[in-house]
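A.B. asks: Okay, here's what each chain looks like letter by letter:
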Amino acid sequence: APALAMAQSSVTIYGLLDTGLVHTTNVNAAGDSVTKMPSLTGSFPSRIGFRGAEDLGGGLQAIFTLETGLGVDTGGMGQNRLFGRQASVGLKGSFGEIAFGRQINMTYLATQKSDVMGPNLFSISSIDLYLPNARSDNSIFYFGRFNDVVAGATYSTGRDTSAAGGPAGTNCPGEVAGNAKACRQVTGLLGYETKPFGVTASYDILYGNTGAANGLSSSDNSDKRLTLNGYVMVGAGRIGGGVVDRSTRAATGLQESDLYYLGVSYPVHPLLTLDTQVARKNVKGSDADATLLVARLTYYLSKRTAIHGSLGRMKNSGASAIALDAGGTVGVGKTQNGVVAGLRHSF
Amino acid sequence: APALAMAQSSVTIYGLLDTGLVHTTNVNAAGDSVTKMPSLTGSFPSRIGFRGAEDLGGGLQAIFTLETGLGVDTGGMGQNRLFGRQASVGLKGSFGEIAFGRQINMTYLATQKSDVMGPNLFSISSIDLYLPNARSDNSIFYFGRFNDVVAGATYSTGRDTSAAGGPAGTNCPGEVAGNAKACRQVTGLLGYETKPFGVTASYDILYGNTGAANGLSSSDNSDKRLTLNGYVMVGAGRIGGGVVDRSTRAATGLQESDLYYLGVSYPVHPLLTLDTQVARKNVKGSDADATLLVARLTYYLSKRTAIHGSLGRMKNSGASAIALDAGGTVGVGKTQNGVVAGLRHSF
Amino acid sequence: APALAMAQSSVTIYGLLDTGLVHTTNVNAAGDSVTKMPSLTGSFPSRIGFRGAEDLGGGLQAIFTLETGLGVDTGGMGQNRLFGRQASVGLKGSFGEIAFGRQINMTYLATQKSDVMGPNLFSISSIDLYLPNARSDNSIFYFGRFNDVVAGATYSTGRDTSAAGGPAGTNCPGEVAGNAKACRQVTGLLGYETKPFGVTASYDILYGNTGAANGLSSSDNSDKRLTLNGYVMVGAGRIGGGVVDRSTRAATGLQESDLYYLGVSYPVHPLLTLDTQVARKNVKGSDADATLLVARLTYYLSKRTAIHGSLGRMKNSGASAIALDAGGTVGVGKTQNGVVAGLRHSF
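Chains as they are written, first to last, in this note's numbering: chain A, 153 to 499; chain B, 153 to 499; chain C, 153 to 499.
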């Protein structure tokens with residue numbers, strides 16, 4: 153007779169799905185609009201993952217995570233690989249956590265509490281697509297929390313093995329004999345975090361090599377990001393802001409830019425949260441700057457399920473062509489308005 | 153000490169694996185035969201999925217599905233993407249179900265109770281490979297059941313983002329600025345379903361765009377399918393049949409065809425079911441027609457496991473070259489006979 | 153209110169993650185060294201899988217396995233497909249096990265108890281990359297155990313459908329009409345296994361076809377491996393060895409080689425195991441031979457978690473260029489030394 157057995161396993165399956173519809177204006181030089189289903193993210197990027205922890209005694213744990221990014225709109229995998237968001241195995245104890253594999257790095261963690269909009273479809277991720285893709289292949293990860301101090305670092309022997317293009321396919325597998333700099337990446341973080349307020353600083357330098365994307369076609373080329381981020385609670389509301397200071401030493405020369413962001417998150421009702429943010433990218437020695445305004449309402453149907461809607465505007469100056477929505481397009485120098493509404497469910 | 157913990161999760165893993173061996177004649181102009189392991193389907197296509205439902209109170213539920221198609225013969229993913237069969241998140245209540253993502257559309261649902269052979273390796277799916285691939289990327293899905301009436305619809309802003317070729321890779325991502333018709337797809341369904349009998353009608357129109365497959369290289373090109381399907385129970389047996397009326401407005405002009413099918417499913421023993429079906433494709437203004445005959449025996453080892461065997465014949469007239477088995481080949485104008493035996497297990 | 157439900161399923165999720173850091177010398181003609189994170193394997197290749205068994209009564213079971221190979225270093229899938237390690241469904245009973253799909257064949261099973269190093273990053277897998285990739289697409293698998301006798305076989309109608317290159321992408325899909333030899337593969341195994349000692353012999357022949365890799369560009373070309381393997385327990389230690397006799401009839405003519413291996417596994421402490429192995433590849437009529445020496449220490453943090461470290465040396469003679477580490481490179485004729493340290497966790 154057929155029998156339905158309970159699965160016994162030391163694995164937890166988890167995930168989050170978030171999609172809806174987005175409308176943006178001025179997506180090309182002709183000033184046309186488009187209506188579409190977002191692909192890269194809604195209010196958070198969609199994913200499904202497997203994780204587990206084994207108690208080894210003495211406060212030590214073995215931990216692992218395998219996390220797949222996915223587009224709900226197409227069913228396709230994100231980051232050009234099966235476990236594009238995370239593939240790691242490590243140990244966790246009173247010393248903190250150390251892990252090996254493809255994993256998020258310190259730039260990813262640095263803005264988590266200060267950027268109230270997170271990886272929203274309209275957010276600072278649109279201005280710097282690296283921010284929600286701050287992961288390193290072939291990396292050793294350390295992160296520790298000591299009372300209110302947090303500190304961490306990653307070191308990668310080859311930061312991105314995918315040649316598929318885009319922010320998670322920059323063709324820099326590294327691990328080149330006789331060239332210890334090729335495609336290396338180092339990130340670090342130091343922070344002080346309490347419930348009422350906190351500050352975090354991070355450092356991130358990544359090197360290029362022959363064939364690598366974004367003009368980093370030599371191991372002498374590099375892309376460096378320094379961030380400084382802070383938040384403070386004012387009643388039930390959170391004010392958060394920061395700056396991402398970037399220096400790109402590409403084949404075409406040095407380019408420097410600053411990205412400033414400031415936002416407020418406020419629970420206007422136990423089930424309703426309003427988030428607003430303003431951000432500005434300033435490219436040094438150029439008027440190709442951009443300014444972002446975004447407001448988001450999230451209505452919670454439960455702790456795990458919410459409906460959200462965002463209104464946004466991206467103002468491009470000079471030759472700037474930064475789209476309001478992550479992965480979108482905009483006509484050069486044009487101001488783009490947009491609205492997105494979506495459904496988010498986590499499990 | 154190592155500890156085996158129970159996984160706690162709100163996710164259910166489910167699936168179905170079905171494969172075996174198939175032998176077909178006249179697979180090429182020389183009249184050669186071939187023996188192979190079926191790839192696209194056995195009696196049902198193989199898949200593994202993750203789904204869940206969260207009770208939101210008031211009869212409302214949040215629901216999601218992530219379903220991977222796969223070939224047991226090669227271990228490869230189906231539909232050219234990770235969650236090719238379904239990737240959706242939605243809400244379900246007394247009003248019905250509304251969901252967002254890549255999902256089956258109304259053409260897929262329309263034949264479910266009337267086509268007794270379903271997506272069998274020898275079936276009407278071989279004549280119209282779209283039928284078991286009637287899914288839409290970037291779609292909003294609605295389906296409701298009100299007493300004995302069922303009604304549903306989908307709307308897609310870009311029906312197929314894969315350019316890999318085949319019925320689930322037609323290179324029509326759509327979401328083009330300034331062209332609201334490009335790669336759009338609309339499907340609808342209305343039915344009346346009771347235990348002893350039922351009828352269902354569906355409508356499906358999909359548009360092309362530059363580069364799209366099957367000659368739909370402009371957003372003025374379209375492929376339209378109307379179906380009418382019915383079933384009636386006669387004792388323990390089910391008689392089901394229907395027609396798929398298709399109009400393809402491709403770059404090369406208009407082509408119209410009808411696909412008729414009629415079948416009987418009968419439990420000759422509590423553990424043994426016999427299904428038989430006849431189908432005919434009639435292309436208007438052409439003698440490139442085809443006739444299908446298929447009989448299948450399914451022996452149930454349990455509710456979840458069965459052994460099945462099918463005998464089939466596809467008769468091709470004129471320049472018709474429709475293979476008996478889904479994804480197979482046949483010499484032009486040739487009659488193809490085949491036999492398939494397989495094992496199916498669901499979990 | 154949100155509800156956390158227990159997942160009910162007849163599926164077990166299992167897996168193993170193993171990575172770390174490896175350093176090898178003489179990776180190119182210039183004699184450079186490289187430090188990297190291993191990709192193909194650590195002490196065992198990383199994987200995650202889904203499997204289940206359903207009791208059908210009378211000692212009969214339905215069984216299935218879907219197993220994904222993955223690189224922890226990059227998050228990418230292994231074997232160029234989603235379920236590259238195994239995708240199979242079958243029946244199990246007193247007669248043994250019969251299964252259909254992509255699955256390991258008898259060459260994979262033959263060395264399991266005699267090769268103490270298994271698919272370690274430094275191992276005989278580096279010399280013959282087929283050994284840890286001894287799988288067949290489109291195959292029927294049988295394996296049975298009768299008291300101390302084990303016997304099994306596989307038959308494949310098309311051994312490898314992936315054209316991606318590498319040992320699991322040899323572009324031989326087979327199932328060609330009118331050519332029953334194209335890409336066929338047959339493997340067989342016979343063994344006698346007891347706790348104190350055992351011997352196993354296996355046979356494996358695979359055919360080529362137009363476009364197939366490794367010079368097997370015709371269905372008259374073939375690659376044949378005979379193995380003879382044995383082990384004996386000496387106290388708590390295991391001594392194991394064997395020979396892989398290979399005959400490749402490629403387009404360029406016949407090449408014959410022998411691969412001998414001998415190793416010892418000894419638990420120097422309840423939590424610490426020392427494995428050592430020596431192997432030699434002898435190419436007939438050529439001095440392009442290679443000799444492998446490897447020693448490994450495994451420290452068990454639990455039954456499921458271990459830290460391991462290996463030291464290895466590969467000595468290449470003549471025009472031999474076999475890398476010490478699986479998937480690595482070495483300068484022609486050069487001796488390569490290496491060290492790898494890693495963390496392994498299974499779940």
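Heads up, some of the hints might be wrong.
No copy labels: a pair is met if it fits in one copy or bridges any two.
Each computed EDC-like pair below joins lysine to aspartate or glutamate, with the alpha-carbon atoms no more than 16 Å apart [to be verified]:
{"id": "1", "residue 1": "K436", "residue 2": "E345"}
{"id": "2", "residue 1": "K333", "residue 2": "D184"}
{"id": "3", "residue 1": "K486", "residue 2": "D300"}
{"id": "4", "residue 1": "K265", "residue 2": "D441"}
{"id": "5", "residue 1": "K455", "residue 2": "D207"}
{"id": "6", "residue 1": "K376", "residue 2": "E249"}
The set of hints was computed from the structure by calculation and includes no laboratory data.
A.B. asks: If a hint holds in the structure, say so; if it does not, say that too.
C.D. replies: Verification of the supplied hints:
no.: 1; hint: K436 to E345; verdict: neither (32 Å within a copy, 67 Å between copies)
no.: 2; hint: K333 to D184; verdict: between (44 Å within a copy, 14 Å between copies)
no.: 3; hint: K486 to D300; verdict: neither (44 Å within a copy, 53 Å between copies)
no.: 4; hint: K265 to D441; verdict: neither (26 Å within a copy, 59 Å between copies)
no.: 5; hint: K455 to D207; verdict: between (28 Å within a copy, 11 Å between copies)
no.: 6; hint: K376 to E249; verdict: neither (25 Å within a copy, 48 Å between copies)
Checked against the numbered hints above, the structure breaks hints 1, 3, 4, 6 and satisfies the rest.
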